[in-house]
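Given the sequences, and given the hints that come with them, work out the whole structure.
What follows is the residue order along each chain.
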Amino acid sequence: MIITISREFGSGGRELGKRLAEILGIAYYDQEIIAGIAQRSGLAEEYVNSIIEKRPVTYYPITIGQTLTAAFTPQLDFSLKAYIEQSNIIKELASKSDCVIIGRGADYILREYNSFNIFVYADMDSRLQRCRQRAPENEQLSDARMKARIKAIDNDRGRYYQFFTNRKWGEKENYTLCINTSKTVIKDIAIPVSGLLKSMSHTLSGK
Amino acid sequence: MDYKVLYEKTSMAKLFTIVAVPGVISMLVSALYQIIDGAIVGKVLGSAAFAAVNLVMPLVIINFSIADLVGVGSSVPIAIKLGEKDEKTASEIFSSACLLIVGLGTILGGVLFFSAEHLVRLMGADEEIVAMSAQYLRIYSVCSPVTTIMFAVDNYLRICGRVKYSMFLNILLSFVSAGLEIVFLLVFKMGIEGASLSTCIGLLLCVVLAFKPFLRGKMQLRFVKPRFDRTILMSIFANGAPTFLNNIAGRVTSIIINVFLLRLGGATAVSAYGVLMYTDSLVLPILYGLCDSLQPAIGYNYGAQNYSRIWQIERRCFAICGVLSIVMTAIILLLREPIVGIFVKSDDTALIALSVHALSLFVFAYLTRWISLATQSYLSAIGMAGYATIISLSIALVFPLIVLFSLRSLGLDGLWLNLPVASLMAAILAAILLLVHSKQWRRLKENI
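Chains A and Z supply the protein sequences, listed in that same order.
End of the first sequence sits at 1142 in our numbering; the numbers just go up one at a time, nothing left out.
End of the second sequence sits at 569 in our numbering; the numbers just go up one at a time, nothing left out.
It is possible that some hints are incorrect.
[To be verified] Mimicking DSS-like on lysine-lysine, the simulated pairs with C-alpha atoms at most 27 Å apart in a straight line are: (1) Lys-206(Z) x Lys-1016(A); (2) Lys-1031(A) x Lys-285(Z); (3) Lys-209(Z) x Lys-1016(A); (4) Lys-209(Z) x Lys-339(Z); (5) Lys-1031(A) x Lys-206(Z); (6) Lys-1026(A) x Lys-1118(A); (7) Lys-310(Z) x Lys-209(Z); (8) Lys-1118(A) x Lys-1082(A); (9) Lys-339(Z) x Lys-135(Z); (10) Lys-1026(A) x Lys-209(Z); (11) Lys-209(Z) x Lys-1103(A); (12) Lys-1016(A) x Lys-135(Z); (13) Lys-953(A) x Lys-1133(A); (14) Lys-130(Z) x Lys-1016(A); (15) Lys-1082(A) x Lys-1103(A); (16) Lys-989(A) x Lys-560(Z); (17) Lys-1086(A) x Lys-560(Z); (18) Lys-206(Z) x Lys-310(Z); (19) Lys-164(Z) x Lys-209(Z); (20) Lys-209(Z) x Lys-333(Z); (21) Lys-989(A) x Lys-1133(A); (22) Lys-1107(A) x Lys-1133(A); (23) Lys-135(Z) x Lys-1103(A); (24) Lys-1122(A) x Lys-1107(A); (25) Lys-1016(A) x Lys-560(Z); (26) Lys-206(Z) x Lys-989(A); (27) Lys-560(Z) x Lys-1082(A); (28) Lys-209(Z) x Lys-953(A); (29) Lys-1026(A) x Lys-135(Z).
If you're looking for bench data, these hints aren't it; they were derived computationally from the structure.
Structure follows, in structure tokens:
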């Protein structure tokens, strides 16, 4: 069983993914993918982290004064390289064993692998609360700033997804299950969700 | 290539040599052909032809830019699909994009062909210039379905890994075009049509050579039945649009300035401005080549959070740009007469005098131009495309237009001073944006 989790920032998607992996006894991949990309492409891990879930910059001047020059696109090349390595790594991991993969457009990358795609979302207040709970102690952002940050991260994710998959992020047709985790404790719903997955996997395998 | 070692650990001197020098040289080679072209037209055909070429060049470039929009915009989905080993979809996008470019080239070529005379007359040129400009533009228009695709195919070759072949073709293009131009103009004694014909034949030859590997069927991309998928088309335009708009902005400014030049000083003024633009084509590639070639190193270290390394690189980059700019300003000032002499016939004393005067005012732009250029490149490298675009649009369109209207009482001198003043404004803008950015940066460092 392959599970991909796409999520709004602060909705608890990552936590849900971890718990599902524990309950179902399958692998959970997140940072390992970054390490893999870094190793295969020769780029630094922190660099990969910073470009990997962002829509790449596609702006570059190709005329200067009265001349036309060849387009010089080093950053785009890196973003594409990282994305392609990521695709390859995710496909390899999925072929190797059952697993849970968080984000990275894995639902699109694994579209031929019969994966179970979950989209986790929640209302702004619940997400704000979860972010505050998990924030480091010395971080003191106002509510407005925090909300802006949450929206910015989600926008980045949406643009990244759209750029590489040509689909709209969060659109229900892309997912097997969309779950609204507002005012919910993830720990409480993890087991029922895993049960749901198990029952649905029998019907899904006919897909 | 081990980027980690190159970008994080190599000494400054070595990094600059490995990265910046090739960047500068490749940019100069592209610019060199344009300059030779301008010089031949100016010296052999005279200043009226030179003015005619400078008048319609922005239109020619706009034509090419539309093809580049599709070329650049389609490169990204093609590269992604090839990376996913989906050669079928990649080839479909490739075929559709090529067809689209040829189609757009035909339509635009047609529009330019029939409106050529009218457009140039609208700008305010007299009949002699109109006739020459129309001739020049018409040849480009007729060839545009098969020549505008050149830079797109170049891109596709590089996506498929044929980087050396692409470089070879670019160099071949310059040689063939320059060679043909010398033969047409000096041996066959052709007029202005020889100039555009030589470039178009050069382009046609290189387009054919560029497509040859694809037609053989041995590349990852092949010609297949094209599929016009709405989402793919939209993503092509979305990817290509920012580049296109940025390039168009500069051309629109050129056209507007040309109109004013014609009104204030006739074709002679247009020719003088042409000399300034060709000088620009020599200076800017050096600065762009240096700054843009450092972008991967900057971006990489930014992502890896090696902020002190970024400071090391940028400090040197800005310093080199500043020193180079001052040196180039001095050289151009000292050598202004020989420089003008490259493009203007020695017996055309009026034009020489005007051009020398114009160049003396214009050259001061380079004292400040490097500030906005280096800042734009740096902000773009660290992912702040928004700020970079603000600077780029300001220097290409907004500030020149503001200065145009502010300095109109100065007549022609106002036009020569257009870039110097706009460049100063852009430098101030760049400094402000850098200050804003460094505040965010400090906050970032505290949050690590």
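Now the hints, each set against the structure:
For the given pair, Lys-206(Z) sits about 13 Å from Lys-1016(A) by alpha-carbon distance, which is consistent with the 27 Å threshold. Pair hint Lys-1031(A) plus Lys-285(Z) does not hold up; C-alpha atoms about 38 Å apart against a cutoff of 27 Å. Distance check on the hinted pair: Lys-209(Z) and Lys-1016(A) sit about 20 Å apart at the alpha-carbon level, within 27 Å; holds. Using a Cα cut-off of 27 Å, the hinted pair Lys-209(Z) and Lys-339(Z) holds, with the two alpha carbons roughly 14 Å apart.
For the hint pairing Lys-1031(A) with Lys-206(Z), the CA-to-CA distance comes to about 19 Å; that is within 27 Å, so the pair holds. Straight-line distance between C-alpha atoms of Lys-1026(A) and Lys-1118(A) comes to about 34 Å, which puts the hinted pair past the 27 Å bound. Restraint check: the Cα-Cα separation between Lys-310(Z) and Lys-209(Z) comes to about 50 Å, which exceeds 27 Å; the hinted pair is violated. Proposed proximity of Lys-1118(A) and Lys-1082(A) is supported: the alpha carbons are some 17 Å apart, at most 27 Å.
Taken as a hint, the Lys-339(Z) and Lys-135(Z) pair is broken in the structure, with Cα atoms around 38 Å apart against an allowance of 27 Å. This hinted pair checks out: Lys-1026(A) and Lys-209(Z) have alpha carbons roughly 19 Å apart, not beyond 27 Å. Using a Cα cut-off of 27 Å, the hinted pair Lys-209(Z) and Lys-1103(A) holds, with the two alpha carbons roughly 23 Å apart. Among the hinted pairs, Lys-1016(A) with Lys-135(Z) is consistent with the structure: their alpha-carbon atoms are about 25 Å apart, no more than 27 Å.
Of the supplied pair hints, the one linking Lys-953(A) and Lys-1133(A) holds, its CA atoms being roughly 16 Å apart against a limit of 27 Å. Of the pairs offered as hints, the one joining Lys-130(Z) and Lys-1016(A) holds, with about 22 Å between alpha carbons and a cut-off of 27 Å not exceeded. About 22 Å separates the Cα atoms of Lys-1082(A) and Lys-1103(A), which keeps this hinted pair within 27 Å; it holds. Between Lys-989(A) and Lys-560(Z) the CA atoms are separated by roughly 23 Å; this keeps the pair inside 27 Å, and the hint holds.
Distance hint between Lys-1086(A) and Lys-560(Z) is fulfilled; the C-alpha atoms sit about 22 Å from each other, no more than 27 Å. Proposed proximity of Lys-206(Z) and Lys-310(Z) is contradicted: the alpha carbons are some 53 Å apart, above 27 Å. Our distance criterion of 27 Å between C-alpha atoms is broken by Lys-164(Z) and Lys-209(Z), whose separation comes to about 51 Å. At most 27 Å may separate the alpha-carbon atoms for a hinted pair to count; Lys-209(Z) and Lys-333(Z) meet this at roughly 19 Å.
Restraint check for Lys-989(A) and Lys-1133(A): not satisfied, since their Cα atoms lie roughly 33 Å apart, outside the 27 Å limit. Restraint check: the Cα-Cα separation between Lys-1107(A) and Lys-1133(A) comes to about 20 Å, which is no more than 27 Å; the hinted pair holds. For the given pair, Lys-135(Z) sits about 45 Å from Lys-1103(A) by alpha-carbon distance, which is inconsistent with the 27 Å threshold. Proximity of Lys-1122(A) to Lys-1107(A) is assessed by CA-CA distance (about 24 Å); at most 27 Å being required, the pair is judged to hold.
Straight-line distance between C-alpha atoms of Lys-1016(A) and Lys-560(Z) comes to about 32 Å, which puts the hinted pair past the 27 Å bound. Note on Lys-206(Z) and Lys-989(A): the hinted pairing holds, with a Cα-Cα distance of about 22 Å set against a maximum of 27 Å. With a C-alpha separation of about 21 Å, the suggested pairing of Lys-560(Z) with Lys-1082(A) holds against the 27 Å cut-off. At roughly 37 Å between alpha-carbon atoms, Lys-209(Z) and Lys-953(A) are farther apart than 27 Å, so this suggested pair is violated.
The hinted pair formed by Lys-1026(A) and Lys-135(Z) fails the criterion: a straight-line CA distance of about 39 Å is larger than 27 Å.
Checked against the numbered hints listed earlier, the structure breaks hints 2, 6, 7, 9, 18, 19, 21, 23, 25, 28 and 29; every other hint is satisfied.
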